[in-house]
Amino acid sequence: MKKRVFYTIIILLVIIATSTCVLTSLVYYKFYEKEAKDQIKTIVNLTSNNINDWSDNTHIQNSVYRIVKSVNYKIRVTIIEETGKVTYDNYAEYEILENHINRPEIEKAFRIGYGEDTRFSNTLKNDTYYYAVKLGDNTVLRVSRELRSIRNMFIGITPILASVFLIIIIISFIVASNITRKIIRPVNLIAESLDDLLETDKLNVQIDMYDELRPFAHKMKDQKQKLNEYIKAVEYERDTIGNITENMREGFILLNKESEVLSINASGKRMIGNVKFNFHEHKNMLELTRNAEILKNIDTSINGNKHIVYDVDCNSHQYRYYFSPVSERGNSNVDGLMILIEDVTIQKNSEIMRQEFSANVSHELKTPLTTMIGFAEMIKEGLITDSESIKKYCGMINNEGLRLITLIEDIIRLSKIEEGIELDNNIINLKDVSNEVFNLLSNKAKDRNIKLLSNIENVSMKANKSYINELLYNLVDNSIKYNNDGGKVEVNINKNKGAVNIVVKDNGLGISEEHLDRIFERFYRVDKSRSKETGGTGLGLSIVKHIVEAYHGTIEIKSKKEVGTVIKIKFLDN
Amino acid sequence: MRGRFDKELENLNLELIKMGGLIENSIETTVKALINQDLSLVKKVNEYEVEIDEMEKTIESHCLKLLLQQQPVASDLRLISTALKMITDMERIGDNAEDIAEISQYMVNQKFIKNLVHIPQMAEATIGMVRKSIDAFVNKDKELALEVCASDDIVDNLFTIIKNELIEKIQEDKNNGEQAIDLLMIAKYFERIGDHAENIAEWVIFSITGEHKYQ
Chain A
1 MKKRVFYTII ILLVIIATST CVLTSLVYYK FYEKEAKDQI KTIVNLTSNN
51 INDWSDNTHI QNSVYRIVKS VNYKIRVTII EETGKVTYDN YAEYEILENH
101 INRPEIEKAF RIGYGEDTRF SNTLKNDTYY YAVKLGDNTV LRVSRELRSI
151 RNMFIGITPI LASVFLIIII ISFIVASNIT RKIIRPVNLI AESLDDLLET
201 DKLNVQIDMY DELRPFAHKM KDQKQKLNEY IKAVEYERDT IGNITENMRE
251 GFILLNKESE VLSINASGKR MIGNVKFNFH EHKNMLELTR NAEILKNIDT
301 SINGNKHIVY DVDCNSHQYR YYFSPVSERG NSNVDGLMIL IEDVTIQKNS
351 EIMRQEFSAN VSHELKTPLT TMIGFAEMIK EGLITDSESI KKYCGMINNE
401 GLRLITLIED IIRLSKIEEG IELDNNIINL KDVSNEVFNL LSNKAKDRNI
451 KLLSNIENVS MKANKSYINE LLYNLVDNSI KYNNDGGKVE VNINKNKGAV
501 NIVVKDNGLG ISEEHLDRIF ERFYRVDKSR SKETGGTGLG LSIVKHIVEA
551 YHGTIEIKSK KEVGTVIKIK FLDN
Chain B
1 MRGRFDKELE NLNLELIKMG GLIENSIETT VKALINQDLS LVKKVNEYEV
51 EIDEMEKTIE SHCLKLLLQQ QPVASDLRLI STALKMITDM ERIGDNAEDI
101 AEISQYMVNQ KFIKNLVHIP QMAEATIGMV RKSIDAFVNK DKELALEVCA
151 SDDIVDNLFT IIKNELIEKI QEDKNNGEQA IDLLMIAKYF ERIGDHAENI
201 AEWVIFSITG EHKYQ
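If you read the sequences in order, they're chains A and B.
So the first sequence is numbered by the UniProt record's numbering: it starts at 1 and just counts up by one.
So the second sequence is numbered by the UniProt record's numbering: it starts at 1 and just counts up by one.
If you're looking for bench data, these hints aren't it; they were derived computationally from the structure.
Possibly wrong hints are sitting among the right ones.
To be verified - Computed cross-link-like contacts, SDA-like style, restricted to lysine to any residue with a CA-CA straight-line distance of at most 20 Å:
| no. | chain 1 | residue 1 | chain 2 | residue 2 |
| --- | --- | --- | --- | --- |
| 1 | A | 283 | B | 17 |
| 2 | A | 269 | B | 139 |
| 3 | B | 44 | A | 295 |
| 4 | A | 276 | B | 18 |
| 5 | B | 44 | A | 300 |
| 6 | A | 276 | B | 208 |
| 7 | A | 276 | B | 142 |
| 8 | B | 140 | B | 208 |
| 9 | A | 257 | B | 8 |
| 10 | A | 283 | B | 79 |
| 11 | A | 283 | B | 44 |
| 12 | B | 44 | A | 311 |
| 13 | A | 283 | B | 32 |
| 14 | A | 296 | B | 14 |
| 15 | B | 18 | A | 303 |
| 16 | B | 44 | A | 310 |
| 17 | A | 108 | B | 8 |
| 18 | B | 18 | A | 291 |
| 19 | A | 257 | B | 10 |
| 20 | B | 18 | A | 278 |
| 21 | A | 296 | B | 18 |
| 22 | A | 465 | A | 413 |
| 23 | B | 44 | A | 291 |
| 24 | B | 132 | A | 291 |
| 25 | B | 32 | A | 119 |
| 26 | A | 283 | B | 18 |
Extracted from the complex, chain A is given alone in its bound form (with noise of 0.2 Å):
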């Protein structure tokens, strides 16, 4: 813009300084000319006036070279007579020259008085000035000046006009650039200010500025509020989704094509098991993982365009990876893939236990039913046909069942306490179930032998009796089971801070320790060849734990081997 104003400036200036030097000087030489012409017809005039004498040539020749010395340039005087004869030239031999009446000045002399013309002469081969009066003796006196000498005279003011014409030129140099700066310097201004401008309101004050460039910084504002605001919103949505995919728990990549890493959130590299990647550094997928079913699993899922599921396994954990081929809407080439890594360890495992629970199931109903098939066989085969071993083995069957019914009785009564059904609560008073459970329990621990102690307060619950009837039978009834003959079990139940304790405790065989996790699990035995001999249907703790559960209680065990086991059981007051 300064340069195009500049030179916008300096053309124009130029052309006013040439035009003006062409038109003065044309104007000056027209003036000078006329000015030459009319110094012409005054010596004629003067000379017509000094000679008295016409005829005597040599006071004419007289005359004429005073006059042309009191000139400093070369003037021609000829006298002509009315034939056209010359009878005086100053410059040639008279004599000689040609009849000058059809020269027009001449013969306009001759007619009104006086005349001029301009051409070229043949006496002085040059373009020449010719002025002619006409005398009182009938005799033209003509005087002539070279034009070359006028030009000459004229040409001799160029240099001057020159260095007038070339200080003009360095003027408008000096002037153009000063004026440049001027109409600049406002926008240049706006410009350095613009930051400023645009920030605050002060639009209107502070800046000397053309008003015709308001309008113009008015828009700019609007626009940058636009800008502001469009970023603002797109800020807004990449920090949303970059928020949100990088607080997912479950891992999420982004390729291209060509399997380079576009976006990748936390929970993706910790799953995919490289914390360090740094996907500014780093592009490419391979440098990501190695994992060779992962690699091949992008590579079918980009060129084939399908969906994938695949899980792995990483670190003791089980990922789930969907592959979903991204393609642009309305477009069936592929762009790129989308990776969504879920962690399944945990529905793995319970799947694990969900198979192990029926196998476990099926196993334990089967059992008995082996027995007692086996039994009723030999019987009905008459294999054994004498009363008292019919009676026996009646008396086997008849257990079986029994262990039967009460291990169905326990997958119900497990299943429903897991349900949460049945759970119409009563206030029961702890004391009265424990007295229950130990009247159930006295003799079978009088048979080995076993000391029952209880410390018991008058605590009181709400809950369902049954519940809390099962849960210290359970307790108990494992307490008497795994002990030694002749050894002790203790009960405490005691109310302290609104929280109903309840502790059995005995000093029997104990559970090692890699048992201790598992004890609570179903059908989970310590010591598997013992369960027949004990009974028990492995579901005891399980349903203890269960009940516990239903009732937002804690449980806790400690144990050691040969030395006892101690169940706490907390309930916070409900």
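For this one, chain A is given, so just place chain B on it according to the hints.
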């Protein structure tokens, strides 16, 4: 021109990582085949071996092409020469994995003469070394590469322990001899893999610093 060369170098880098991934997978599969006595995995190791050999040839010709056509200097030249050395070691690791798989193929139907305790440990240590050496290459991580070089001693120690155990087993019962020798060879192969991993790590250090241990 330079842009294309950079692209080629990047491709070379990725090819090396890919080959590294293949050998990792190959060893892991081998170990599984050995411990789980799974014949189908042995087959898989053979497939990996073919792929690894293929990869070695591809990378080698790629390197030679780059050397001839681009006449690289400084770190570019180091990367390419490192690549040439690394593929040799990686290919050897692939071979060793296949050798282990081949031996374990005979043991599929045998009962192990002893609980495999130290061999899985050794396998884990060597897999760790290979993985770390490739990681060091991927991340241009000198420290990690040095770590690999240091952990070779662990593998060597385990080899000695296994050797002594097997000697005991043979002394106990002459019939253990055949399997003991097989197991010893497997241990030896793992030890070799460890050495190759160490070599790779040394070359990684060379490609980063321009200095090699034996120069």
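Tested hints:
Taking the CA atoms of residue 283 of chain A and residue 17 of chain B, the gap is near 13 Å; set against the 20 Å cutoff, the hint holds. Between residue 269 of chain A and residue 139 of chain B the alpha-carbon distance is near 15 Å, which keeps this suggested pair within the 20 Å criterion. A C-alpha spacing of about 16 Å is found between residue 44 of chain B and residue 295 of chain A, which places the hinted pair at or below 20 Å, so the restraint holds. With a C-alpha separation of about 19 Å, the suggested pair residue 276 of chain A and residue 18 of chain B falls inside the 20 Å cut-off, and the hint holds.
Note on residue 44 of chain B and residue 300 of chain A: the hinted pairing holds, with a Cα-Cα distance of about 19 Å set against a maximum of 20 Å. Taking the CA atoms of residue 276 of chain A and residue 208 of chain B, the gap is near 19 Å; set against the 20 Å cutoff, the hint holds. Taking the CA atoms of residue 276 of chain A and residue 142 of chain B, the gap is near 15 Å; set against the 20 Å cutoff, the hint holds. For the hint linking residue 140 of chain B to residue 208 of chain B, the alpha-carbon distance of about 7 Å falls within 20 Å, and the restraint holds.
For the hint linking residue 257 of chain A to residue 8 of chain B, the alpha-carbon distance of about 18 Å falls within 20 Å, and the restraint holds. Between residue 283 of chain A and residue 79 of chain B, the direct Cα distance comes to roughly 18 Å. Compliance with the 20 Å bound is thereby established for this hinted pair. Under the criterion of a C-alpha separation no larger than 20 Å, the hint pairing residue 283 of chain A with residue 44 of chain B is inconsistent with the structure, at around 30 Å. At most 20 Å may separate the alpha-carbon atoms for a hinted pair to count; residue 44 of chain B and residue 311 of chain A meet this at roughly 19 Å.
The suggested pairing of residue 283 of chain A with residue 32 of chain B is violated, with an alpha-carbon distance near 31 Å, which exceeds 20 Å. Restraint check for residue 296 of chain A and residue 14 of chain B: satisfied, since their Cα atoms lie roughly 15 Å apart, inside the 20 Å limit. Restraint check: the Cα-Cα separation between residue 18 of chain B and residue 303 of chain A comes to about 18 Å, which is no more than 20 Å; the hinted pair holds. Restraint check for residue 44 of chain B and residue 310 of chain A: the C-alpha separation of about 19 Å stays at or below 20 Å, so the hint holds.
Taking the CA atoms of residue 108 of chain A and residue 8 of chain B, the gap is near 103 Å; set against the 20 Å cutoff, the hint is violated. At roughly 10 Å between alpha-carbon atoms, residue 18 of chain B and residue 291 of chain A fall within 20 Å of each other, so this suggested pair holds. A distance of roughly 17 Å separates the Cα atoms of residue 257 of chain A and residue 10 of chain B; the hinted pair therefore holds under the 20 Å criterion. With a C-alpha separation of about 19 Å, the suggested pair residue 18 of chain B and residue 278 of chain A falls inside the 20 Å cut-off, and the hint holds.
At roughly 11 Å between alpha-carbon atoms, residue 296 of chain A and residue 18 of chain B fall within 20 Å of each other, so this suggested pair holds. At most 20 Å may separate the alpha-carbon atoms for a hinted pair to count; residue 465 of chain A and residue 413 of chain A meet this at roughly 14 Å. Taking the CA atoms of residue 44 of chain B and residue 291 of chain A, the gap is about 15 Å. The hint holds against a cut of 20 Å. Pair hint residue 132 of chain B plus residue 291 of chain A holds up; C-alpha atoms about 14 Å apart against a cutoff of 20 Å.
For the hint linking residue 32 of chain B to residue 119 of chain A, the alpha-carbon distance of about 126 Å lies beyond 20 Å, and the restraint is violated. The hinted pair formed by residue 283 of chain A and residue 18 of chain B meets the criterion: a straight-line CA distance of about 14 Å does not exceed 20 Å.
Hint compliance for this structure: hints 11, 13, 17, 25 are not met, and every other hint is.
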